[in-house]
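Colleague: Here's the letter readout for the chains.
There are 2 protein chains.
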Amino acid sequence: MKNILIAQSGGPTVAINSSLLGAFEAAKELGFEKVYGACFGLSGLLKGEIVNLNEVLSGSNRQLLMQTPSCFLGSCRKKLLPFDGTEKTQSTYLEIAQIFKTLNIEGFLYIGGNDSMDTVSKLSTYFKTINNKVKIIGVPKTIDNDLFATDHCPGFGSAAKFVATAFLELERDCTVYGNKPTVTIVEVMGRDAGWLTAASALARLNGATGPNLIYCSEQNFSVEEFLTSIEHELKFSSNKAVLVAVSEGLKIESKAAEAKTDQGWFDEFCHARNAGVAKLLEKAVCAKIGCKVRSIELSLLQRCGAHLASATDLNEAKKIGEQATNLVKEGLTGVMATINRKSDEPYSVDFGFVDVEQVANRVKKMPADMFNGPADVSKKAMAYLKPLIQGDPDIELENGLPKHLHLNKNYII
Amino acid sequence: MKNILIAQSGGPTVAINSSLLGAFEAAKELGFEKVYGACFGLSGLLKGEIVNLNEVLSGSNRQLLMQTPSCFLGSCRKKLLPFDGTEKTQSTYLEIAQIFKTLNIEGFLYIGGNDSMDTVSKLSTYFKTINNKVKIIGVPKTIDNDLFATDHCPGFGSAAKFVATAFLELERDCTVYGNKPTVTIVEVMGRDAGWLTAASALARLNGATGPNLIYCSEQNFSVEEFLTSIEHELKFSSNKAVLVAVSEGLKIESKAAEAKTDQGWFDEFCHARNAGVAKLLEKAVCAKIGCKVRSIELSLLQRCGAHLASATDLNEAKKIGEQATNLVKEGLTGVMATINRKSDEPYSVDFGFVDVEQVANRVKKMPADMFNGPADVSKKAMAYLKPLIQGDPDIELENGLPKHLHLNKNYII
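Protein chains in written order, with my numbering: chain A, 24 to 436; chain B, 24 to 436.
Among the clues, some could well be false.
Treat identical chains as interchangeable: a pair holds within one or across any two.
[To be verified] DSS-like mimics (lysine-lysine), calculated; alpha carbons at most 30 Å apart, straight line:
| hint | residue 1 | residue 2 |
| --- | --- | --- |
| 1 | Lys-315 | Lys-70 |
| 2 | Lys-274 | Lys-306 |
| 3 | Lys-311 | Lys-432 |
| 4 | Lys-258 | Lys-426 |
| 5 | Lys-111 | Lys-51 |
| 6 | Lys-302 | Lys-111 |
| 7 | Lys-111 | Lys-311 |
| 8 | Lys-315 | Lys-426 |
Hints listed in this document are in silico derivations from the structure and should not be mistaken for laboratory results.
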């Protein structure tokens, strides 16, 4: 029996290590001899930073892996040039093929988002082209929930739970001074899609009246209409504390947008990083309305807050990891494991797969029927989101803080 | 038997409602007939927004009160003019005296920080002056931990646990790309004292190597030395991901400070609000060093994150509320209930009281021996902080989110 190699890529989530564990355990179960992990995704793989997970993941620390946020093996944002037959584009592929051969790899699992699925697509195409039977499988992961062909993405449910809990708690804080007019604008991650911003509405399940306004990146946005809505809420909301959720990726069509460039930078995948939307809107409210206004960025906390993980999310992440190993065993390549929802209530899913071409480099936006007007989400969105945040994993603490598993670099082979 | 009146004031914490519960339960225990709560602190009291807590706090919802963040009764930042015998300054005091008389109040408990202790001081002085026997007692509460005469302040331990957990999780996120030079600057609350910023060091108890640098407001700070330290860490730290904790109230002695004014505003107590320190330092790193840099403000999340409360904190907050009611029964006035630490390990405290004059309008800064050089805390600080974040309260969830208790305004008498 040959071996399996697993790597993690893209932005951290709190569920990506559960997928690693699931893939690892299924490989043991199915009789693969060794399970290797590549550190820092493709980048570490090319440097030979590889660990033997059979040694790293002893029984006692598997539970700790599930409660460890971010990528246990490390991550990267490396983009592969497409293989076009020329020597220039071939060298990286040759290196990877050589490593796979040396390690006797039957399947390579890449856990990541839509950029990582681009890597899965290119690698599987290359290996098919050279008639090499190694299997390349994608495992979805992103707090943005913007991958096509899967009902939702592992990592999203826990981030959604963090966002909903934060809004629930923030509303308590913002309403504490009674009828004092205040505006609190909270920026939620999501460059291209508003799924995570929409999850702020889940706070209403437990008695929050807010967020009063929810702006997702899918919707048209104008600063002028935003200010009119804020004024309306300040006048007519049950208390004068207006709580607003805004997507990081909101397209601000206004002169204010000019100021945005000093915040932005471009990563290796040429996505503009649109931080600072909430701060810009804070300044607009301050200038136009003049009441007390505060902007809050949930920032990295929303993607690494493992102490608030959703048990549903972690369990599904583990199962989709198992599914990916199964797909290797079944002889598939160039596919991504998927979650199919069978029912909202009672919530029920099963696991499938899809040609990774349908996923790579594409962004699944929220559909129109998940919105209710320009600044709210619909009942359909609530029914979709609610099951994903359920369940509280038992988290082992030490010194009053969560215990995490750390990768000992001495395990690099 | 006469009645007790309780109100909450100042900035929210996650423990202030536990003190309310403790004061309420002790009053029932000691045979006070009615326990009233004033909504929105002094402001609501003067408007007659008063509830009968015997009706509001039925047995089944007392546990929910303990897990509800922010001020259940609402808060205010109202400052009393000192009573100087003139008619102008007398009117508010007369109103309060009239309300106390109507409600047959024997003791008034005010749960708050150093501004609220100013109110306790002024009210108790007034009532002594007019020879009125009503007892005015302060109950400490602040995430800033900056009240004199008490070992620590209820609310601080839970905020410290939030901060330590956030740093633990953020380090996992920041180190995910291996040896890529990045700087992450996290701003922690604390206008005048660095206690909460110091708590970031607790992340090291569970394997974090960071924060690499910790800057508390007590220490001298220069942007130039800060940049030199960042460069040193980028060069010599075990990974190139530098994680920095900075106090909100850091005094930036640099031209950069000029930019700070556009963030600042003054509240009714004339404290400058120094938001934006991390953002300013981000810009400095970007300009001078040019690596990837990100600033994060923990903002309101750190003071309302009840899902991460410290059981030690909540239990002590409840006991200090009980203690305050006991002080009324013992006939004291113009005092604040205190926590006295008897031992760090095993951790042990008892409860006392102090003349509120020793607390009002003063700020307890971290002593010099809690620092280790210009950008770290000492072992003494760690020994002081560690017991305060221990214990995980059992939190009742519904819909995957914490349940909170909401005050029904129909209870206003």
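Colleague: Compare the structure with each hint and give your call.
Modeller: Against the structure, the hints:
In this homomeric assembly, Lys-315 and Lys-70 come within 30 Å of each other (Cα to Cα) only across copies, at 23 Å, whereas the closest approach inside a single copy is 52 Å. Taking identical chains as interchangeable, the C-alpha atoms of Lys-274 and Lys-306 lie at most 30 Å apart whether they share a chain (16 Å) or sit on different chains (24 Å). Taking the shortest Cα distances, Lys-311 and Lys-432 never come within 30 Å of each other, neither inside one copy (54 Å) nor across copies (32 Å). Taking CA atoms no more than 30 Å apart as the test, Lys-258 paired with Lys-426 passes between copies only; the shortest distance there is 28 Å, against 47 Å inside one copy.
Taking the shortest Cα distances, Lys-111 and Lys-51 never come within 30 Å of each other, neither inside one copy (38 Å) nor across copies (82 Å). When the C-alpha separation of Lys-302 and Lys-111 is checked against a cutoff of 30 Å, the pair qualifies neither within a copy, at 44 Å, nor between copies, at 42 Å. Neither within a single protomer nor between protomers do Lys-111 and Lys-311 lie at most 30 Å apart by alpha-carbon distance, with minima of 56 Å and 36 Å respectively. Taking the shortest alpha-carbon separations for Lys-315 and Lys-426, only the inter-copy value of 28 Å comes in at or below 30 Å, while the best intra-copy value is 39 Å.
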